[in-house]
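**Q** Chains as they are written, first to last, in numbering that gives the first Met the number 0: chain A, 0 to 79; chain B, 0 to 372.
FYI, nobody ran anything at the bench for these hints, they're computed from the structure. It cannot be assumed that every hint is accurate.
[What the hints assert, rightly or not] Heads up, simulated DMTMM-like pairs for lysine to aspartate or glutamate below, C-alpha to C-alpha not over 25 Å straight-line:
| id | chain 1 | residue 1 | chain 2 | residue 2 |
| --- | --- | --- | --- | --- |
| 1 | B | Lys216 | B | Asp226 |
| 2 | B | Lys274 | A | Glu14 |
| 3 | B | Lys274 | B | Glu284 |
| 4 | B | Lys57 | A | Glu14 |
| 5 | B | Lys274 | A | Glu66 |
| 6 | B | Lys274 | B | Glu327 |
| 7 | B | Lys216 | B | Glu228 |
| 8 | B | Lys57 | A | Glu37 |
| 9 | B | Lys216 | A | Glu66 |
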Amino acid sequence: MKEASLDVLGMYCQEAGLSHGELWLRYFELGGMSAGFELEGILCGVLAPSAYDHDIIALAINERLVELGVQPAIPYLLEP
Amino acid sequence: MSMTREAPEFEAVTHFEGSEATIVLSGSVENAAAFALSATLDAAIDRHPTSMVLDLAKLEFMGAAGLVAIANAESRLAASDVVLRVQSPSSLVKRLLAIMEQAETARRERSLPEHAHLGPEQQVEATWSSQRFSSSLGTKDLRRVTAMPADPDVIDGALRLVVELAQSSIAGADGVSVSLMRNGVLSTVAASDQTIMAMDVDQYTTGEGPCVDASFKGHWFHAESLDTEVRWPMFTPRARTLGIKAILSSPLRALEEPVGALNIYSREAESFEVKDQELAALFAEKASLILSDARAGVSDTQMALRFQGALRSREVVSLARGVIMEREGVNAEAAFNTLLRQSLSQGVPLGEHASSVVRSAFRPELASGDGQR
Chain A
0 MKEASLDVLG
10 MYCQEAGLSH
20 GELWLRYFEL
30 GGMSAGFELE
40 GILCGVLAPS
50 AYDHDIIALA
60 INERLVELGV
70 QPAIPYLLEP
Chain B
0 MSMTREAPEF
10 EAVTHFEGSE
20 ATIVLSGSVE
30 NAAAFALSAT
40 LDAAIDRHPT
50 SMVLDLAKLE
60 FMGAAGLVAI
70 ANAESRLAAS
80 DVVLRVQSPS
90 SLVKRLLAIM
100 EQAETARRER
110 SLPEHAHLGP
120 EQQVEATWSS
130 QRFSSSLGTK
140 DLRRVTAMPA
150 DPDVIDGALR
160 LVVELAQSSI
170 AGADGVSVSL
180 MRNGVLSTVA
190 ASDQTIMAMD
200 VDQYTTGEGP
210 CVDASFKGHW
220 FHAESLDTEV
230 RWPMFTPRAR
240 TLGIKAILSS
250 PLRALEEPVG
260 ALNIYSREAE
270 SFEVKDQELA
280 ALFAEKASLI
290 LSDARAGVSD
300 TQMALRFQGA
310 LRSREVVSLA
320 RGVIMEREGV
330 NAEAAFNTLL
340 RQSLSQGVPL
350 GEHASSVVRS
360 AFRPELASGD
370 GQR
């Protein structure tokens with residue numbers, strides 16, 4: 000489950016055509032607190048994000064997918 | 000047991016554990032190094048491995064010849080039902096593999112219905128198209144991403160590969176080039192031949208033409224027939240003199256700013272069909288990703304402005320979170336979650352929703368005269 004979600008973030012980041020730098024800026028805009036290299040680690044699957052961090056990253060990527068006219072695809076982990 | 004082959008800046012080390020082979024590549028694979036890579040791969044395959052992993056974590060760049068070497072190895076292994084797994088390519092190499100796959104798909108699609116029409120301009124393709132470049136180089140194994148390449152030489156090498164692949168996979172392309180803005184000057188970093196280079200230079204010197212317009216305006220320009228073209232009166236006659244009849248320029252962007260163009264030239268008027276235009280746009284998009292990773296052409300000022308904008312948006316989101324915390328008595332994380340759910344149910348971006356939350360919190364009747372915002 001955790002493995003799968005790690006895979007998903009890195010994969011969708013690529014699908015959304017976001018460079019890691021641009022994703023970090025969008026994540027930062029949404030209130031993300033992790034540094035660039037930590038985000039890099041999360042996308043590479045070597046760091047596990049908290050559910051909160053996961054959801055901010057997921058939102059940043061999902062919003063980009065919406066901009067591209069694609070259905071946002073990453074599920075959120077925090078309970079509604 | 001290991002075996003080492005060396006070329007300048009390139010190294011391939013093979014490890015065998017029983018019948019499982021791992022080959023670790025480092026440095027840069029271009030020209031001579033590609034032969035060394037082929038030889039290493041062949042030697043390993045001759046030992047009949049039951050599995051083979053190609054570790055690209057330390058590889059900085061791979062040119063066309065290197066990609067072909069991998070594709071060859073892959074089909075040799077496939078003949079004995081062994082899957083070649085590619086592991087840990089750098090972000091740049093991953094982009095190149097994706098471009099390579101795209102070019103291969105385009106060529107395959109094109110060659111099926113139109114095989115009979117593929118005329119004498121096929122010499123470049125012959126090297127590639129006989130080789131299957133299968134989906135085993137998919138995203139699944141390509142997971143770990145290393146630091147961004149910033150070396151201009153490496154970027155230029157990648158762009159040369161894009162030019163080569165675009166020329167061999169776009170039907171009407173007689174020549175292809177990439178123009179890129181560096182230090183405020185537009186110049187050609189990769190061109191398929193001297194005529195094409197001259198075409199670009201003519202546009203820089205006259206200050207007009209599809210390549211210049213695409214590079215500055217950030218959208219594509221298509222001159223279907225230069226015989227009837229009126230948009231670039233100084234440049235067009237020069238292009239006609241060199242035998243060019245049609246031009247398609249697609250913009251390249253780094254971090255969403257226009258920084259250059261992918262230019263495709265044809266000696267025939269109206270030679271680019273919709274499919275070719277889409278393909279050109281796809282190549283331009285892939286090249287833009289490489290440029291974004293390297294932050295090519297993006298000045299410090301542009302970066303600073305982008306960062307300032309990000310700071311402002313972040314502040315609005317923080318304020319909105321504070322409003323929700325106050326209203327609902329929850330912590331920052333729960334407040335973010337509330338904002339997230341509200342923005343999803345309203346179908347607006349979170350930043351936009353945050354602005355309206357902040358606006359709704361302002362109640363002038365409670366403010367003691369000096370309230371702002």
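**Q** Going straight from one Cα to the other, do lysine 274 of chain B and glutamate 284 of chain B come out at no more than 25 Å?
**A** holds, 15 Å
**Q** Given the hint that lysine 57 of chain B pairs with glutamate 14 of chain A, test it: the Cα-Cα distance must not exceed 25 Å.
**A** OK: lysine 57 of chain B and glutamate 14 of chain A at ~24 Å, within 25 Å.
**Q** Would you check the hint for lysine 274 of chain B and glutamate 66 of chain A, treating anything up to 25 Å between C-alpha atoms as holding?
**A** Roughly 23 Å separates the two Cα atoms, so the pair holds.
**Q** Lysine 216 of chain B and glutamate 228 of chain B were given as a pair; does the straight-line alpha-carbon distance stay at or below 25 Å?
**A** Answer holds: lysine 216 of chain B to glutamate 228 of chain B is near 19 Å, not above 25 Å.
**Q** Tell me if the straight-line CA distance from lysine 216 of chain B to aspartate 226 of chain B falls inside 25 Å.
**A** Answer holds: lysine 216 of chain B to aspartate 226 of chain B is near 24 Å, not above 25 Å.
**Q** Lysine 274 of chain B and glutamate 14 of chain A were given as a pair; does the straight-line alpha-carbon distance stay at or below 25 Å?
**A** The given pair, whose Cα atoms are some 21 Å apart, holds under the 25 Å limit.
**Q** Given the hinted pair lysine 216 of chain B and glutamate 66 of chain A, is their Cα-Cα distance within 25 Å?
**A** holds, 20 Å
**Q** Between lysine 274 of chain B and glutamate 327 of chain B, does the CA-CA distance stay at or below 25 Å?
**A** Violated, because 54 Å separates the two Cα atoms, which is more than 25 Å.
**Q** CA of lysine 57 of chain B to CA of glutamate 37 of chain A, is that 25 Å or under?
**A** Holds, at roughly 20 Å.
This entry does not satisfy hint 6, going by the numbered hints stated previously; all others are met.
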